[in-house]
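Here are the chains, one letter per residue:
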Amino acid sequence: MIMESWRRKREVWVLLAPALAILAVVTFTPLLRTLWLSFTNAEITALDQAVEWVGFENYIWALTDPDFRDALWRTLYFTIMSVGLETVFGVAVAMLLNVEFKGRALVRTLIILPWAVPTIVNAMMWRLIFHPDYGSFNAALTQLGITESYRSWLGDPGIAMNMVILADVWKNYPLIAFVVLAALQTIPRELFDAARVEGAGAWHQFRSIIMPGIIGPLLVIVILRTIEAFRVFDIVYAMTRGGPADSTKTASFFVYQEYFAYLRSGSGASYAVLVAVISALMIAVYFNMIRRQNQGGY
Amino acid sequence: MHRSFLHTCCLYAAVLLIAVVTLAPLAWLVIMSVMSPRELLAVPLNWLPEHWDWSRYAQLLGMNGDIADNLFLHALRNSLIAASGSAFIALLTGIPAAYAFSRRNGPRAILFLMLATFMMPPITYILPLYTMFSGLGMLNSPFTLIAVYCTMVLPFATWLMKSNLDVLPVEVEHAAVVEGAGTLRTLWSVVLPMAKPALVATAMLSFLLAWDEFFYSLILNSDLRGKTLPVAIADFAAGRVTDYGLIAAVGVLASLPPTLLAVFFQKHLVHGLAAGGVKG
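Taken in sequence, the protein lines are chains A and B.
Counting from 459, one number per residue, gives the positions in the first sequence under the working numbering.
Counting from 4, one number per residue, gives the positions in the second sequence under the working numbering.
Keep in mind the hints are simulated off the structure, nothing from the lab.
Think of the CB as a built atom: it goes at the ideal place given N, C-alpha and C, for glycine as much as any other residue.
Accuracy of the hints is not assured; some may be wrong.
[What the hints assert, rightly or not] Derived pair list, reagent style SDA-like, types lysine to any residue, alpha-carbon separation capped at 20 Å: (1) A:K560 / A:Q643; (2) A:K560 / B:V18; (3) A:K467 / B:L116; (4) B:K270 / B:H177; (5) B:K199 / B:V175; (6) A:K560 / B:N108; (7) A:K560 / B:V173; (8) A:K467 / B:R188; (9) B:K199 / B:R188; (10) A:K560 / B:V175; (11) A:K467 / B:L187; (12) B:K270 / A:V557; (13) B:K199 / B:G183; (14) A:K467 / B:H177; (15) B:K270 / A:L564; (16) A:K560 / B:I21; (17) A:K560 / B:F8; (18) B:K270 / B:P200; (19) A:K560 / B:L20; (20) A:K560 / B:S7; (21) A:K467 / B:N108.
[As the list claims (entries may be wrong)] Okay, the calculated bits of chain B under chain A, using three or more residues with CB under 8 Å as the criterion: (22) 12-18; (23) 40-46; (24) 83-89; (25) 113-119; (26) 125-137; (27) 176-184; (28) 213-227.
Bound conformation, chain A alone:
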């Protein structure tokens, strides 16, 4: 018996070994090395030379850096606005697509398209649409008589971030819509019929039938999107490069510049670790949520 269980244990590790070997090289080791770098004064141009251990100096610097704080607030703004709008829009569209109408299957197939478009293509497409002189956004707004003159949507520090958010919402709302739609379809029709017989209004039906039916999967996908939105880099890079006047410079972009524009590896690593710590907190929330969901919570 003991031999048997030992054999099975060994088998587990044999099955896991190839995956863990790869991850050891490409994730675990780099993670530890980033942590180590964050306590040194390393520079990317001289990584081979002796670096000095500087203790918490980088962290003290990072935590008191107003530029980094601004970048974090911007990232928070992006995350809350993007995920918030995606959720509202996604749930609304899912509820609409859950109603039977002619051509529903076609609309459902078409709605998934933005999600399939690569992030960079999405960013580039909106950049062309928001072009100050030749963009179709300006053209549409003036031709419809909504605005008088052309605007530089991505060139104005006051609104550039909102335009990036708009592009992000357009691409990512289908994912939320589809997850919610899948959940909606598991709600028995009879529940709605019963509610109608009892004279329950739309809002009441939403609160007592729809919400309980979708809240579990919805929370999971929302927190998943939140973790993803917090590390936003590519859409910002392709649309605004962090500008104008740093107005779209998010946390990941900040660290990227610290590493590859200012070539400060040690202090850059300390910023990276702080971003990772915030992400880790959100990941812990996510894990807690799927655990509760599997135990039948919500």
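Chain B: place on chain A using the hints.
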């Protein structure tokens, strides 16, 4: 079920609005790609091209031997190598791992550790990866990206396969074991055939994940040899190209593979996503 006329009108109006908002930007991308440069720069803008000009696609696909077409075809090749390579390795190593987690009571701590690494921002790993591959002289290669993309694709594929295996009946496997089949034999000839839809979904989502990746590719590839499509597109859009139609055409071509996958395998994808995101 009966609906009032007004109700029906509102419903179709709402559907139409959603469809237009969702599809108009894409339709415009396609239109830009076939409009003449002169028309694209016209103010006020015409919304439909006078004649459809497909020459940019011919140019990009290398039919008239310009320098720009090489760029696109190179990037396309690199994207295909990086995305299918990493999806392949992720399945090859992720399936046994998923099986260990699902059927052999593999340590849950490790499962969650893997998932956590997938969710960490790439900025956490990038510098050590960069110095490591630079030290090995392996920058500017799509094959390096295969390894690097495993940071995301491998944990993702493992997690997705695990949640899909969890819902498969275990009895058939017991029968195979009674007949003397070893673990790998059972996995290969009993479990995988049953898990085919999950396998398809996992392979495709892994491929899409890698196809979409930008950050690692941007940093690990500074010249043409290793550049993937997303990086080539970002360069394109920021660089010397003043023909917006050409940028749009690259975008359309780069969107085609994932769009076709999403449309044809919609059911698989949605099912796979729902299973992976929600079950632990």
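Holds or violated: A:K467 to B:R188, with C-alpha atoms at most 20 Å apart: Since the Cα atoms of A:K467 and B:R188 sit roughly 18 Å apart, the hinted pair holds (cutoff 20 Å).
Claimed coverage, the region 40-46 of chain B by chain A - three or more beta carbons nearer than 8 Å: Holds: 3 residues of the region 40-46 of chain B have a Cβ under 8 Å from chain A.
Given pair status - B:V175, B:K199, alpha carbons within 20 Å: The given pair, whose Cα atoms are some 15 Å apart, holds under the 20 Å limit.
Restraint check for A:K560 with B:L20, where alpha carbons must lie at most 20 Å apart: holds (15 Å)
Given pair status - B:F8, A:K560, alpha carbons within 20 Å: holds (15 Å)
20 Å limit on alpha-carbon distance, applied to hinted pair A:K560 and B:V175: violated (42 Å)
Restraint status (C-alpha distance of A:K560 to B:V18 at most 20 Å): holds (11 Å)
Satisfaction of hint between B:I21 and A:K560, Cα-Cα up to 20 Å: holds (15 Å)
Agreement of B:K270 and B:P200 with the hint, judged by alpha carbon distance not exceeding 20 Å: holds (10 Å)
B:K199 paired with B:R188 [C-alpha distance capped at 20 Å]: holds (16 Å)
20 Å limit on alpha-carbon distance, applied to hinted pair A:K467 and B:L187: Answer holds: A:K467 to B:L187 is near 15 Å, not above 20 Å.
8 Å C-beta test of the region 83-89 of chain B against chain A, three or more residues: Three-residue rule not met by the region 83-89 of chain B, so violated; n is 0.
Checked against the numbered hints given earlier, the structure breaks hints 4, 6, 7, 10, 13, 24 and 27 and satisfies all the rest.
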